[in-house]
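4 protein chains.
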Amino acid sequence: MPELKGFAPPFTESGRSALIPHPPWFYSGDLLTVEYRTDVERVRAILPDDVELAEEDPGAVAFIWADWQSCSDGGAELLDPARSQYKEAFAVVRCRYEGVTYSRCVLIWVTTDFAIARGVYQGYPKKLGSIHQTRPMPFGKAAPRIEAGGRFGATLAAYDHRLAQATITLTGPSDTNGFVNALPMLHHRQVRPIERGADGWSLDEVLTMSGVGFEAGQAWKADATLELFDSPWDDVASTLPVREVISGYHVQVGTSWDGGTTLAHR
Amino acid sequence: MPELKGFAPPFTESGRSALIPHPPWFYSGDLLTVEYRTDVERVRAILPDDVELAEEDPGAVAFIWADWQSCSDGGAELLDPARSQYKEAFAVVRCRYEGVTYSRCVLIWVTTDFAIARGVYQGYPKKLGSIHQTRPMPFGKAAPRIEAGGRFGATLAAYDHRLAQATITLTGPSDTNGFVNALPMLHHRQVRPIERGADGWSLDEVLTMSGVGFEAGQAWKADATLELFDSPWDDVASTLPVREVISGYHVQVGTSWDGGTTLAHR
Amino acid sequence: MPELKGFAPPFTESGRSALIPHPPWFYSGDLLTVEYRTDVERVRAILPDDVELAEEDPGAVAFIWADWQSCSDGGAELLDPARSQYKEAFAVVRCRYEGVTYSRCVLIWVTTDFAIARGVYQGYPKKLGSIHQTRPMPFGKAAPRIEAGGRFGATLAAYDHRLAQATITLTGPSDTNGFVNALPMLHHRQVRPIERGADGWSLDEVLTMSGVGFEAGQAWKADATLELFDSPWDDVASTLPVREVISGYHVQVGTSWDGGTTLAHR
Amino acid sequence: MPELKGFAPPFTESGRSALIPHPPWFYSGDLLTVEYRTDVERVRAILPDDVELAEEDPGAVAFIWADWQSCSDGGAELLDPARSQYKEAFAVVRCRYEGVTYSRCVLIWVTTDFAIARGVYQGYPKKLGSIHQTRPMPFGKAAPRIEAGGRFGATLAAYDHRLAQATITLTGPSDTNGFVNALPMLHHRQVRPIERGADGWSLDEVLTMSGVGFEAGQAWKADATLELFDSPWDDVASTLPVREVISGYHVQVGTSWDGGTTLAHR
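Here the protein sequences come in this chain order: A, B, C and D.
Okay, so the first sequence: first residue is 27 according to my numbering, each after it adds one.
Okay, so the second sequence: first residue is 27 according to my numbering, each after it adds one.
Okay, so the third sequence: first residue is 27 according to my numbering, each after it adds one.
Okay, so the fourth sequence: first residue is 27 according to my numbering, each after it adds one.
Please keep in mind that the hints were generated in silico from the structure rather than gathered at the bench.
Heads up, some of the hints might be wrong.
Copies of the same chain look alike in the list, so a pair counts if it fits in one copy or across any two.
[As the list claims (entries may be wrong)] When the alpha-carbon atoms are kept at most 20 Å apart in a straight line, the in silico SDA-like pairs for lysine to any residue are as follows:
{"id": "1", "residue 1": "Lys-31", "residue 2": "Arg-68"}
{"id": "2", "residue 1": "Lys-31", "residue 2": "Thr-251"}
{"id": "3", "residue 1": "Lys-31", "residue 2": "Asp-201"}
{"id": "4", "residue 1": "Lys-31", "residue 2": "Val-146"}
{"id": "5", "residue 1": "Lys-31", "residue 2": "Glu-78"}
{"id": "6", "residue 1": "Lys-31", "residue 2": "Asp-75"}
{"id": "7", "residue 1": "Lys-31", "residue 2": "Gly-100"}
{"id": "8", "residue 1": "Lys-31", "residue 2": "Asp-76"}
{"id": "9", "residue 1": "Lys-247", "residue 2": "Ala-208"}
{"id": "10", "residue 1": "Lys-247", "residue 2": "Tyr-123"}
{"id": "11", "residue 1": "Lys-31", "residue 2": "Ser-98"}
{"id": "12", "residue 1": "Lys-247", "residue 2": "Gly-176"}
{"id": "13", "residue 1": "Lys-31", "residue 2": "Gly-41"}
{"id": "14", "residue 1": "Lys-247", "residue 2": "Thr-195"}
{"id": "15", "residue 1": "Lys-31", "residue 2": "Pro-49"}
{"id": "16", "residue 1": "Lys-31", "residue 2": "Asp-225"}
{"id": "17", "residue 1": "Lys-247", "residue 2": "Asp-65"}
{"id": "18", "residue 1": "Lys-31", "residue 2": "Ala-71"}
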């Protein structure tokens, strides 16, 4: 019997139909970030019981838009760009687990199925959204430049309900691209039993992971606005309300992902 | 600490952001089916090692398009129809496991994230596609009627590559809506460890499930055409090539889903 | 030289690329209507100078959602349903021109390019939107029935800004499907000169048109809610604000369109 | 009576709902071009009777993909990027009219309604398509660089039928970005009478136009592949078949459009 192949389903004899190929996965893109503070109680409320608040600035949140091109080894996806390009909008907080401080993605929207599949594998709670982000371009009046005064907007909607919108105006070079999403990730991967009403989990893991091979251009600080909204299907504003904007950021990056570590099987 | 709520991620204090609510899930829709035979070797090749071919007509396949409206208890999704409506296109074969014959969905595309999430939970290998299906309507020249001579088309594409197209012309009432997708489902739920290059699975289950509360109108038999294609990202035609069309079918249904049974933890 | 063929551009030797074929055009679909009154001054403000308010109930507006399947002679589009199916959401008022009372579509969104092209030809001010409308289906809990108590929702968004949402709950059979969109249409077809800053119009016509061959099922009256919104790109709520809901309606129809009449070249 | 405002319909009291604002319009973007030769008879067949073939290289065609960000005066669209970003794929030939050689866009697909509206105004035969184009990015393995060896892909589909796909591999700097789309445009703006079966046109103009304020980075020559296809709704391959690829090109540009000139009212 021929072996079924593929990193993620569907598995076929050739492996070609697999929704995602095996890592490493490569990413190039533009990141637009607004860091802000929410109520500490709101961060506490979105962390699982076995996770604690970060010691410093526990109410800090990063709301990040990413305009990505991605591929696997060999880069075949790049020449059929529908298979390579997607956008993300996500909210990250920090937390502590077994004494170590991590970043944690608590809400995330993407625009393609392969991005959802990588999320399922990595413990990101991915959903589909309609996501737009101003692009920097080198010529013409219809694009900002990556320089002081450059203005960028970013928006997120799902099911035709607007969930987030941001603007940033670059002020000057920055040593960092913010601090909230700068640590290894701490995620939970959980799958419920198929039996109706069953307690507990069929899969319940705590994972950590980081990108590798990170390269970036000059990061820029920015004045920023961020508005969050709720809808019947998403409580974004009420989950992590904006109490105080800290700063906006813009940077162009390249990175890879090649696996993580299981911290616990619960 | 408030408890995190939700059936599927993301989990929040309110539970509102969960991509799918807990079952039961309700479905109303139109099903367009083309049953055909492929090479028995091709069905063998797409079944896992612990699953056998069906004893009778092992090469039989159903390629099914479904035009669904769905909701959970209370039906709130129905009044915000973007949260309720979606389409599916999927390939089903039969198989045997521990002496029992089952149906098994081996390839499936949907049009929304909540449909993908139900699939992840149920072991359907869901991907996103662009799916279209002729609707029956009672008035005017721009719709078929559900009667002899009624003609319907259905198409599936992904990443701008056409993968399947079918036409059916209703011939007469049918006692059944086909036989290939008429049994309880046999699915595998598998999740790989997060460690790069790790062998085996973090989750590896064999499940069975069926709908409940099934109601349907009169099923119709049809003359049918079905063309399958391959793309760089999908081997549909080479995985389950059409060797002989058996019959087309059309039926309008209502059904529910409220859990399954784990047959094995592997 | 071979003749260029096609009803609307692009014109090619075969005519196959034409965005729309020549009439007659056929339509089958579900219509969900909310009739309401706005301020008479708002209707006056959206009518051109050469058009007067209707004598009776001049502030009456119909906001209509339509879930269409459409085709031309021969119905080839029906079997490739992406070429046939689309949705519309539109606002209609009444007006008087040269002593005759007409209906007039003042705002309209559709979901396909062929629908836009028919609009350009017919003088409908069409834009693209994201449009959803609950479907009636005969089985299951995930669809209303066309009967007293049947509940339907409809939504409209553009550029990820929600512009309109409605709900209707059917109360009983109705002799009519409302009165605002029940008259021949009065539209203007206007094209500006290509010269920058030029006054006037290259094309400036007043047209009237009606559907032909209209058939419908039983219309139903309904209790209705309608909320309109503005966005940076659309002033819907401020253009025709809802002051008093008159009634909702639901009906399934078939109709054709086969030309109109030029009332004036201005 | 308040005056109705807007450059293109719908016209409202505020003018905010107009699908496009008045020019000037600004564009920034990436252009990927494949120039090739088709049969001279095919170019002749797609030109109107009053237009002649170009004297030199009359069979030359440019198939161009453009990844645009666009805005009007003030750039408000840029911060709500859904209102600003779109893609184009279009075929351009050359021709002669009254002794002057022009470029002419004979087939064109776009991804937004505001792009269609500009086309209707400018005489481009615009339709909606699904369009993807590899982006150059400065970091990471998931993007080409604009340098020798940089590889880019571009695809076009409509109604789930693939119509064109290209790849280019940059070889070296180029003095030009090709020659076929380098001249002022010659377009026809034609609108048929609303009367069914009427002969002739309500509007029948010959226009010319050019961009203004053009700026660009270094153009690059490239080895190129281009495949065209037909569908039931588009004859692309049979209209302008690829007989001999001349060259590929890549360039980043900024430009504006601020009106044209009517050459004839026919």
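Consistency of the hints with the structure:
1. Lys-31 / Arg-68: Between copies, since 14 Å is at most 20 Å while 43 Å is not.
2. Lys-31 / Thr-251: neither (47 Å within a copy, 30 Å between copies)
3. Lys-31 / Asp-201: For Lys-31 and Asp-201, the Cα distance exceeds 20 Å both inside one copy (44 Å) and across copies (38 Å).
4. Lys-31 / Val-146: both (19 Å within a copy, 18 Å between copies)
5. Lys-31 / Glu-78: Answer is between: at 18 Å across copies they meet the 20 Å cutoff, but 40 Å inside does not.
6. Lys-31 / Asp-75: between (37 Å within a copy, 12 Å between copies)
7. Lys-31 / Gly-100: Result: close within a single copy only, 18 Å intra versus 41 Å inter.
8. Lys-31 / Asp-76: between (36 Å within a copy, 15 Å between copies)
9. Lys-247 / Ala-208: So Lys-247 and Ala-208 pass the 20 Å test inside one copy only (15 Å; across, 40 Å).
10. Lys-247 / Tyr-123: For Lys-247 and Tyr-123, neither the intra-copy (30 Å) nor the inter-copy (54 Å) Cα distance is at most 20 Å.
11. Lys-31 / Ser-98: within (16 Å within a copy, 35 Å between copies)
12. Lys-247 / Gly-176: For Lys-247 and Gly-176, the Cα distance is within 20 Å only inside one copy (11 Å; across copies 31 Å).
13. Lys-31 / Gly-41: within (4 Å within a copy, 36 Å between copies)
14. Lys-247 / Thr-195: within (8 Å within a copy, 36 Å between copies)
15. Lys-31 / Pro-49: within (14 Å within a copy, 31 Å between copies)
16. Lys-31 / Asp-225: between (33 Å within a copy, 14 Å between copies)
17. Lys-247 / Asp-65: Classified as neither: same-chain Cα gap 24 Å, cross-chain 48 Å, threshold 20 Å.
18. Lys-31 / Ala-71: between (41 Å within a copy, 10 Å between copies)
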